[in-house]
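S.K.: Each chain is listed here by its residues.
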Amino acid sequence: MWLVPFMVVMKGTSEYPLLFPLLFQWLRDVVKLQYFLNGLPIGSIYALVALSYSLIYAASGVLNWSQGDIVMLGAFIGFTIINVIKLGFTTGLLISMIVLALVGLLIQIAILQPLRNRQAPPINVVIATLGVAILIRNVALVIWGADAQNSPSPVSTKPIYLGSLSITPQDILILMAGIALMVILQFLLKRSKEGKALRAVAQDRYAAILMGIDTNRSDGVAFAASASLGAAAGMLVAPIFFVTFNMGALIGLKGFVAAVIGGLGNIPGAIAGGFFLGIIESMAGGQISSGYRDAITYALLILVLWLKPAGLFLRKTRQKV
Amino acid sequence: MKMMKTTFKWYLFLVIALVMLLTPQFITNVYYQHIINLVGIYTLITIGLNILSGYTGQVSMGHAGYYAIGTYVSSLLMLNLHMPFWLSVLIAVVAVAICGLVVGIPAMKLSGPYLVLATVGFGEIVRLVILNWTPVTKGAAGLTGIPLPRLFGLQITGEKDFFYLIFFVVLIGCYIAQRIARSKIGRTYMAIREDELAAEAMGVPVNTYKISAFVISAIYAGIAGCLFGAYSGVASPDNFTFDDSVGFLCMSVVGGNNTIIGALIGSFVLTILSELLRVFQSLRLILYGLILIMTVIYMPKGLAGFIEPVRKWMAIHMKKSTLIQD
Amino acid sequence: MTVMEAINKVHLQICGISKRFGGLQALEDISIDIQKNTIHGIIGPNGAGKTTLFNIITGQIRPDQGTIKLDGQTLPYLKPNQLVPLGITRTFQNIRLFKEMSVMENVLIGQHVHTPTPILSIILNGSKARYWEEVAKNEAENALKFVGLENKADEMVKNLSYGQQRLVEFARALAAKPKIILLDEPAAGMNPTEKANLLRLVLLLKEKGYTIVLIEHDMKVVMNICQTITVLDHGKKIAEGQPEMIRKHPEVIKAYLGKGV
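Line order of the protein sequences matches chains A, B and C. Residue numbers for the first sequence follow my numbering, so the first one is 205 and each next one is one higher. Residue numbers for the second sequence follow my numbering, so the first one is 63 and each next one is one higher. Residue numbers for the third sequence follow my numbering, so the first one is 20 and each next one is one higher.
The hints are simulated quantities; they were obtained by calculation from the structure and are not laboratory data. Treat the hints with caution; some may be incorrect.
List time: in silico EDC-like cross-link candidates among lysine to aspartate or glutamate, alpha-carbon distance up to 20 Å [claimed, not checked]:
| no. | chain 1 | residue 1 | chain 2 | residue 2 |
| --- | --- | --- | --- | --- |
| 1 | C | Lys118 | B | Asp257 |
| 2 | C | Lys118 | B | Glu370 |
| 3 | B | Lys374 | C | Glu174 |
| 4 | C | Lys98 | B | Asp257 |
| 5 | B | Lys374 | C | Asp173 |
| 6 | C | Lys177 | B | Asp257 |
Please read these numbers as outputs of a predicted model, since none were measured by experiment.
Isolated chain A (complex conformation):
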């Protein structure tokens, strides 16, 4: 069963024999199952962050570099609510998601709309969102200081043993919460009016405008939804990572990597990419070297991009002449 992600990769890559020795080496090792299990919770967090990138990219063609810092802000706001106001984890999560949705909307109105109105080149949009990232990071530094925050885990971290395998309830919670959020998002995209509009814009922005869809509104929805996904990811990742003002850069980058692996703008792809990255990381860290773990991830990534320039899970579209 756990071979499924690999099978997805292998499908249609028969022309790339380079990947096979590596894959077989991994498959052979039984110890892998534990690493695979360890990769799942972090994978679900990567998937959430990757979704937040992909959602905005699909809806508005923008690469939002402040996504990682939105994750950080979500974690800080949530834990402030839990620790200072003494509300429960679920309430904190919900409030944090709502507040961040407003922040996302604000970014769209204050920064993306003016850029769009001026038809700024894509690189300017990238720099503007980088500016937002710097802004959020340093606002957090001023408010919460440079120390790592104490982030209580909502459930026990004592591992449960299943034969030779072990998993903690906390990991199970993270995994379940992540999957639940993804299901809710899928449901909203498929069923709600805003979700349908968003998908229409993602398909063909120009045609959607002609059909009377307000693209500013759909952009706003995408930014709000992806920021609240980011907030949830922040709350869930907090027990694993330290919550610090500069945690955003790393988690943002990882989420971006996952989104690109899945094909940026592709929603199921982002989820698959997130889990894929989590598992690969866990395996590379356990098997090869923890110091070079990220370097290996990036090297694999460049290789993957070279072989499949539009991501693993996206079919290459031909440019019309």
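Assemble chains B and C onto chain A, guided by the hints.
M.R.: Chains B and C in isolation, oriented as in the chain A frame:
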């Protein structure tokens, strides 16, 4: 009239060059001299980025990687093999050019976010290798005691000497970049940026040109790295993070990435700005972020966008003066 | 005219080209002989595979089967930029110009393969670089003069009208000094005056010895200027011949007007 215009340009250039040359005489504060030297080093990287992203349309968010390779290769050669400065720079340039080639080959198939990710990945790989390859790179502790350069029998010490060295290199760098940008090569780069497919249909070997842009821009960053290593005397992985790559890209865009002069303006303005904002202490980076956002929204062509109207005005003005002379 | 002479006059020979996109057979066993120094029209309803054929000839798409012969020699599958030096250039159906560049710069790109790139001389501003730049500029000016846009040379392309942009694309293709020019709907979106001007230019080129392959929807245009016409429908060649013959061909009438006519 064409003659007249050229001579005027030369005078303008000479005056600016002279003023620049005398700067260390006016500005005697070592701290200020240090900032100016940093501006020079950043200018070199930004020129390379402008050729790559402004002209050819390939965005790189991993230039700190080339910068780091330049620094480490030249410094290690000087430290361990006691090579002279010029030779270590030469070898570092070759190393960096090869890295540019290695990244350029997968990058030629990529565009947009995918290209960004590949370059980010490269920058991170370089940093992580430096961090973990402790026997050679000394890991997180970094290199210390990088020897001061000796060139043509001159020992270079202190901020003032370095100012002249960096100034000289930046001058040559600007000149070469300007020549490339104004030539057939620059024109072809722009065509690739505008429409790759049409350029190929007109006979442009697109891949060769795209890779060459990567190599040129890597060489610029590499030379900047060599200068940085010799100048600061120390280097650690913290000098070459993703944030640094982003900072270089900001300089390129804020200055205006489709002119060479934009690189100079961008690195100057952002470096000085970041120093000036120090008085606001913890608010410094908040203001920096705000200014960055405002610039890209309200000055889409960067600060160099203001030069074009001035040049037009000058062209009209000079036409008048020639008419009077005639 | 002997048989040998007739064969010698064939310039570009398309032999049994097939191309499939997923479930769609875009082209099926297409063979066309294009004679030297003629205007060869390719017509057909939308989706007939005309542009796909152009893309295959100019190397943008690789065919599943079939070959292309230039002057009797079979060409290996080449990239578009490798076909330009052999004398094949094209224009695009939806204009593809370098929008943020001047008209002159656009046309200069067409000169790319005909001037060397002396890197050292460019850096040192040497006489060699300046000489070749001058040569390229002269060629580009000639091309611009031919289409009548010499006074727009320094204008930004994006500021020109649609018809003028089509002419710039035409000039850019000419600057590549081709033997065969493939024009993909060159008159689309032009007003009658612009159209007449373009036709004049195409006829002039034919007189100068160029071979022109033309995709066009305007029947009046095609019938008036083409020597030979090939009709494609659903990826198949349904007719080929002189305009008079095509006009009366039952298959062609059926393809254009539907069955039962």
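S.K.: Which numbered conditions among the earlier hints are violated in the structure presented, ordered from lowest to highest?
M.R.: Going through the list in order, the structure violates no hint and respects every one.
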